[in-house]
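Taken in order, these protein sequences are the chains called A and B.
To convert, note that position 20 of the first sequence is 20 in the working numbering; the numbers rise steadily by one, no gaps.
To convert, note that position 76 of the second sequence is 211 in the working numbering; the numbers rise steadily by one, no gaps.
For the record, the hints were derived by calculation from the structure and aren't laboratory data.
Just so it is clear, CB atoms sit at the ideal spot from N, CA and C, and this is done for glycine as well.
Don't take each hint at face value.
Unchecked claim - Mimicking BS3-like on lysine-lysine, the simulated pairs with C-alpha atoms at most 25 Å apart in a straight line are:
1. B:Lys173 <-> A:Lys70
2. B:Lys173 <-> B:Lys197
3. A:Lys131 <-> B:Lys191
4. A:Lys70 <-> B:Lys187
5. B:Lys187 <-> B:Lys197
6. B:Lys142 <-> A:Lys97
7. A:Lys14 <-> A:Lys97
8. A:Lys97 <-> B:Lys191
9. A:Lys131 <-> B:Lys187
10. B:Lys205 <-> B:Lys173
11. A:Lys97 <-> B:Lys166
12. B:Lys191 <-> A:Lys14
13. A:Lys14 <-> B:Lys189
14. B:Lys191 <-> B:Lys205
15. B:Lys173 <-> A:Lys131
16. B:Lys187 <-> B:Lys173
17. B:Lys166 <-> A:Lys70
18. B:Lys197 <-> A:Lys97
19. A:Lys97 <-> A:Lys131
20. A:Lys97 <-> B:Lys189
21. B:Lys166 <-> A:Lys131
22. A:Lys14 <-> B:Lys205
23. A:Lys131 <-> B:Lys197
24. B:Lys166 <-> A:Lys14
To be verified - Which chain A residues stay away from chain B? Per the calculated CB distances, all over 10 Å, these:
25. Pro20
26. Ser26
27. Asn80
28. Lys97
29. Pro124
30. Glu128
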Amino acid sequence: MTTETRTGSSTTYKFEYGLPGFENLSEFEFRNLDEFPPFKLLQSTDMPDISMIVLDGSLLNVFENVSFPKHEMNILGLENREYLRIFVILRIEEETKHFVANTKAPIILNTYTGFGKQIILDSPGLSEDYKLDNL
Amino acid sequence: MLVLTRKTEESIRIGNNIVITVLECNNGHTKLGINAPKEVPVHREEVYERIKSKNKASLFNKNITHEILKSFSKKDP
Numbered sequence: 001m002t003t004e005t006r007t008g009s010s011t012t013y014k015f016e017y018g019l020p021g022f023e024n025l026s027e028f029e030f031r032n033l034d035e036f037p038p039f040k041l042l043q044s045t046d047m048p049d050i051s052m053i054v055l056d057g058s059l060l061n062v063f064e065n066v067s068f069p070k071h072e073m074n075i076l077g078l079e080n081r082e083y084l085r086i087f088v089i090l091r092i093e094e095e096t097k098h099f100v101a102n103t104k105a106p107i108i109l110n111t112y113t114g115f116g117k118q119i120i121l122d123s124p125g126l127s128e129d130y131k132l133d134n135l
Numbered sequence: 136m137l138v139l140t141r142k143t144e145e146s147i148r149i150g151n152n153i154v155i156t157v158l159e160c161n162n163g164h165t166k167l168g169i170n171a172p173k174e175v176p177v178h179r180e181e182v183y184e185r186i187k188s189k190n191k192a193s194l195f196n197k198n199i200t201h202e203i204l205k206s207f208s209k210k211d212p
């Protein structure tokens with residue numbers, strides 16, 4: 001099974017814990033923004049007004065040496081990185097009107113089971129306001 | 136809010152399977168040990184609140200985001 005399968009086009013993941021701030025929303029869809037690759041839209045299936053721009057974390061080169069907490073991996077049934085996919089939520093910074101990515105609280109997915117979770121990492125070098133300069 | 140006073144090495148039980156123990160108390164800092172099932176998320180409150188607030192600030196606003204996406208996105212070759 002390819003890790004690209006579920007988030008290749010438009011794909012739904014179950015978030016048992018919702019997202020911080022949206023704990024009651026348990027299912028989100030990753031939708032392509034066809035006009036604006038590589039960005040995607042993470043949209044609640046229950047409340048479509050709740051959506052955020054996300055980006056594949058592998059494009060940022062910040063997670064290669066990050067050790068994901070074992071208990072978080074276990075919650076999603078991830079024994080290793082084979083089916084792990086990482087996304088970061090983007091926000092527009094008020095002052096600069098630039099995109100910043102929350103690398104400190106990425107979304108991790110198990111592409112085999114279809115479950116996801118937003119986790120909070122302690123690793124140094126990660127930031128809630130990672131500036132996107134180049135992709 | 137339920138308020139309980141505990142000394143070092145004393146604990147609080149929440150529900151059937153969450154136990155919080157005061158491990159150390161020094162200079163205004165308290166070290167807590169938390170025994171909880173792995174599926175129960177545990178976070179420092181201020182960190183969780185900050186992530187909540189940043190998620191809410193990330194909500195998609197088509198008018199504002201569209202222009203920024205246009206300037207940022209590269210097309211596939």
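Results for each hint:
With a C-alpha separation of about 10 Å, the suggested pair Lys173 of chain B and Lys70 of chain A falls inside the 25 Å cut-off, and the hint holds. Between Lys173 of chain B and Lys197 of chain B, the direct Cα distance comes to roughly 38 Å. Violation of the 25 Å bound is thereby established for this hinted pair. Between the alpha carbons of Lys131 of chain A and Lys191 of chain B the distance comes to roughly 18 Å, so the proposed pair stays at or under 25 Å and holds. Distance restraint check for Lys70 of chain A and Lys187 of chain B: the Cα-Cα separation of roughly 23 Å lies within the 25 Å cut-off, and the hinted pair is therefore satisfied.
Between Lys187 of chain B and Lys197 of chain B the alpha-carbon distance is near 21 Å, which keeps this suggested pair within the 25 Å criterion. Distance hint between Lys142 of chain B and Lys97 of chain A is unfulfilled; the C-alpha atoms sit about 49 Å from each other, more than 25 Å. Between Lys14 of chain A and Lys97 of chain A, the direct Cα distance comes to roughly 31 Å. Violation of the 25 Å bound is thereby established for this hinted pair. This hinted pair checks out: Lys97 of chain A and Lys191 of chain B have alpha carbons roughly 16 Å apart, not beyond 25 Å.
Annotation: proposed proximity of Lys131 of chain A to Lys187 of chain B holds, straight-line Cα distance about 19 Å (limit 25 Å). Among the hinted pairs, Lys205 of chain B with Lys173 of chain B is inconsistent with the structure: their alpha-carbon atoms are about 42 Å apart, more than 25 Å. For the hint linking Lys97 of chain A to Lys166 of chain B, the alpha-carbon distance of about 40 Å lies beyond 25 Å, and the restraint is violated. For the hint pairing Lys191 of chain B with Lys14 of chain A, the CA-to-CA distance comes to about 20 Å; that is within 25 Å, so the pair holds.
Between Lys14 of chain A and Lys189 of chain B the alpha-carbon distance is near 21 Å, which keeps this suggested pair within the 25 Å criterion. Between the alpha carbons of Lys191 of chain B and Lys205 of chain B the distance comes to roughly 22 Å, so the proposed pair stays at or under 25 Å and holds. At most 25 Å may separate the alpha-carbon atoms for a hinted pair to count; Lys173 of chain B and Lys131 of chain A exceed this at roughly 33 Å. Simply put, Lys187 of chain B and Lys173 of chain B have alpha-carbon atoms about 21 Å apart, close enough for the 25 Å limit, and the pair holds.
Our distance criterion of 25 Å between C-alpha atoms is met by Lys166 of chain B and Lys70 of chain A, whose separation comes to about 22 Å. A distance of roughly 14 Å separates the Cα atoms of Lys197 of chain B and Lys97 of chain A; the hinted pair therefore holds under the 25 Å criterion. Straight-line distance between C-alpha atoms of Lys97 of chain A and Lys131 of chain A comes to about 11 Å, which keeps the hinted pair within the 25 Å bound. Distance check on the hinted pair: Lys97 of chain A and Lys189 of chain B sit about 15 Å apart at the alpha-carbon level, within 25 Å; holds.
Our distance criterion of 25 Å between C-alpha atoms is broken by Lys166 of chain B and Lys131 of chain A, whose separation comes to about 34 Å. For the given pair, Lys14 of chain A sits about 30 Å from Lys205 of chain B by alpha-carbon distance, which is inconsistent with the 25 Å threshold. Under the criterion of a C-alpha separation no larger than 25 Å, the hint pairing Lys131 of chain A with Lys197 of chain B is consistent with the structure, at around 21 Å. A C-alpha spacing of about 34 Å is found between Lys166 of chain B and Lys14 of chain A, which places the hinted pair above 25 Å, so the restraint is violated.
Not every CB of chain B lies more than 10 Å from the CB of Pro20 of chain A, the least distance being 4 Å, so the non-interface label is violated. For Ser26 of chain A, the non-interface assignment is confirmed: its Cβ lies about 14 Å from the closest Cβ of chain B, beyond the 10 Å cut-off. At the 10 Å boundary, the C-beta of Asn80 of chain A stays outside the reach of chain B, the nearest C-beta of that chain being 17 Å off. Not every Cβ of chain B is farther than 10 Å from the Cβ of Lys97 of chain A; the closest lies at roughly 7 Å, contradicting the non-interface assignment.
Every Cβ of chain B is farther than 10 Å from the Cβ of Pro124 of chain A; the closest lies at roughly 15 Å, confirming the non-interface assignment. Look at Glu128 of chain A: its CB is around 6 Å from the nearest CB on chain B, not clear of 10 Å, so calling it non-interface is violated.
Checked against the numbered hints above, the structure violates hints 2, 6, 7, 10, 11, 15, 21, 22, 24, 25, 28 and 30; every other hint is satisfied.
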